[in-house]
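Here's the letter readout for the chains.
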Amino acid sequence: MTSEPREGPGTIPVGRRVFLGVVALGAAGVVVGGAIQSGLGRLLGSGLGGLLPGGDHFRIYSLNGVFPTIPNDMYRLEVSGLVDRPTTFTFSDLTAMPSTRLVATFQCVTGWRVPDVAWEGVKLSHLLEVVGAHRDAVAVTFESHDGADTESLTIDQAHLPDVIVAYRMLDAPITTEHGGPVRLYVAPMYGYKSLKWLSAIRVVNAVQPGYWELNGYPVNGWLDGSTGPTNPNPRLT
Amino acid sequence: MTGALEATRRTLVRFDVVERAAHWVSAAMFAVLIVTAIPLYYGSLFGLVLPRIAIEQIHLWTGVALPIPFAVAALGPWGRRLRRDVRRVNEWTRAEISWLASWGRIDIDADKFNPGQKLNAVLVAASSVVLFATGVILKWFDLFPVSWRGGATFVHDLFAWLVVVVILGHVYMALTHREALASMLRGRVSEAWAARRASRWLAEDAGETGSDSRV
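Protein chains in written order, with the numbering used here: chain A, 7 to 243; chain L, 432 to 646.
Treat each hint with caution, since some may be false.
With the C-beta cut set under 8 Å, the calculated list includes, among others, these residues of chain L facing chain A [what the hints assert, rightly or not]: (1) 441; (2) 521; (3) 553; (4) 565.
What follows is a list of derived Cβ distance ranges for each label pair [to be verified]: (5) 440/L - 18/A: 34 to 44 Å; (6) 502/L - 27/A: 14 to 24 Å; (7) 30/A - 571/L: 17 to 27 Å; (8) 576/L - 108/A: 36 to 46 Å; (9) 82/A - 595/L: 17 to 27 Å; (10) 75/A - 495/L: 30 to 40 Å; (11) 215/A - 459/L: 32 to 42 Å; (12) 27/A - 488/L: 52 to 62 Å.
Just so you know, these hints were derived from the structure itself, not from any lab. Ideal Cβ positions, reconstructed from N, Cα and C, are used throughout, including at glycine.
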């Protein structure tokens, strides 16, 4: 081995510099990463952008590891509780009703988001009107097909025009992993409020915290500031 | 017995038991973190063995505990060797920088760790800090603005990939350099290995290690 002339005592703290550099990069990424990500996603289109590490794509959650496959003709939505006419709707019952189309960013409370997601379905308020929900009811609870997930909204939240029982998403039938054939879509709130594989709706006289709320998420999952100042209608909290 | 023969038989301590324990416990935790990350990231592609919430909890608490083995090993009175190795990883000569810039093609009077190994250690340490901090933001998200949560998701994903690549490189080098790997398993290397791979360390450390039988 050749003997390089030994450096004097003046060694260079390369380790510390690289360490601090990488940590600073990470910190900068936290502050501006969201913007970079949506910029890249827009640049590459949602298809390619979704493949980037950390790109805009849905993180698919199933609470119990099961993705129930429900054929449209087997699908049933039971609406009961404080209503005049408890009703079980089929898939074609829902699609025959007046439809509403919404396009919005799907925002998860933990940070990931998918821009410009198209949704189509029946306004929840319309369903509640059809079954004759009692005027003095306080809340509406929702249950998923496997019973693993539950959610609830106040009766006023349930009547918002951008809360729908959705049967189309991304301009196609809702896939099994996205909670098809029918799921709830609560546009003004974080994604966890949009319960998948919707199977039952009950009109009740108290707000019952759902699965995610029992695991620490806010019951009123308003986008940007939970129940705070950007709440679209303070009366609704 | 000739001096040369004796030299091939003499061994010296490269990693003491504290360093090895810290390394392998951390390695096992990294393995758990990576394995549990896969279904969390690709939820739709993997049939899950455990409910999502259980995998999430394993990932979360393994991550939270990740700094513990290293901190315990480094901060106690037993951490003298580990602390000195951290200093070695930090301090580079100009020759070491040139070595790295030439992709290891020039010869150097090598330290206990070559510059590639030093860089590996620094990248794993820094990435761990970033992953830990962004993981905290993702878990206790309500303390942070929503734009930070988005940024933290982005950074956590990106650094997870980075650290997996760095660790795969590290494992590949270990499997192709068996005596170096053996020193992380049993603690010692031959003086001949040290003369070949870490001449500067041998010159600095030989006298002391000879008298230090603790492995």
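Q: Using the beta carbons of residue 75/A and residue 495/L, state whether their distance is inside 30 to 40 Å or not.
A: holds, 36 Å
Q: With respect to the beta-carbon atoms only, verify the hint that residue 215/A and residue 459/L lie 32 to 42 Å apart.
A: holds, 37 Å
Q) Can the suggested window of 36 to 46 Å be confirmed for the beta-carbon pair residue 576/L and residue 108/A? A) violated, 25 Å
Q: Double-check residue 441/L for me: the hint is only fine if its C-beta lies closer than 8 Å to a C-beta in chain A.
A: Violated, about 19 Å.
**Q.** chain A contact restraint for residue 565/L - C-beta distance below 8 Å
**A.** holds, 6 Å
Q: Using the beta carbons of residue 30/A and residue 571/L, state whether their distance is inside 17 to 27 Å or not.
A: Check passed, 22 Å falls within 17 to 27 Å.
Q.
Interface hint check: residue 553/L, Cβ to nearest Cβ on chain A, cutoff 8 Å. Holds or violated?
A. holds, 5 Å
Q: Please test the hint of 34 to 44 Å on the beta carbon pair from residue 440/L and residue 18/A.
A: Once the Cβ atoms are compared, 37 Å apart, the range 34 to 44 Å for residue 18/A and residue 440/L holds.
Q | Hint check for residue 595/L and residue 82/A - Cβ pair distance inside 17 to 27 Å | A | At 44 Å between Cβs, range violated.
Q.
Given the hint of 14 to 24 Å, is the C-beta distance from residue 502/L to residue 27/A inside that range or not?
A. holds, 22 Å
**Q.** chain A contact restraint on residue 521/L - CB to CB distance below 8 Å
**A.** holds, 3 Å
Q | residue 488/L and residue 27/A - C-beta distance against the hinted 52 to 62 Å | A | Given a distance of about 33 Å, which is not inside 52 to 62 Å, the answer is violated.
Consistency with the previously given hints fails for numbers 1, 8, 9, 12, ordered from lowest to highest.
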